[in-house]
Amino acid sequence: MSQSFNPARYAVLIVEDDALLRSEAVDLCEEAGFTAFEARNADQAIAMLERHPQIRVLFTDVEMPGTMDGLKLAHAVRERWPPVTIMVTSGRTKVALEDMPENGLFFAKPYPPNGIVAALNEIAGRIYD
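Just so you know, we're using the numbering used here here: the sequence shown kicks off at 1 and counts up by one.
Mixed in with the good hints, there may be bad ones.
Stated by the list, open to error - Subject to a maximum C-alpha distance of 27 Å in a straight line, what follows is the list of computed DSSO-like cross-link-like pairs (lysine-lysine):
hint, residue 1, residue 2
1, 72, 94
2, 94, 109
3, 72, 109
No lab work stands behind these hints: they were computed from the structure.
Keep in mind that this is a model prediction, so the values were computed, not measured.
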């Protein structure tokens, strides 16, 4: 039985060390109807994933302080939480396709807000189809 699409039924985890960019990304997701969680670094992100099983999308910056950067976090999440879709963004780091986890999406900063919302809606549609 197919569930009807309701973006609020799954969550996006925004991982960004810049407070303003993180807040803007959270607002973007929430205004589009999605539940959003936020983290400043990979350690916080892992803790959020452990506590909130409804997180189905990781949207992470590459460059951030802490034990791992966004790409290492993306690969760790792919291994530990395979159903989570990975979205990676960076304004400085060039990310090659082979550096991304399987089925990951990359968005260069500044990313187009409508592009992020479209990707989230597409992901949500796949989850509930």
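Results of checking the hints against the structure:
Restraint check: the Cα-Cα separation between residue 72 and residue 94 comes to about 15 Å, which is no more than 27 Å; the hinted pair holds. For the hint linking residue 94 to residue 109, the alpha-carbon distance of about 11 Å falls within 27 Å, and the restraint holds. Annotation: proposed proximity of residue 72 to residue 109 holds, straight-line Cα distance about 19 Å (limit 27 Å).
When held up to the earlier numbered hints, the structure conflicts with none and fits them all.
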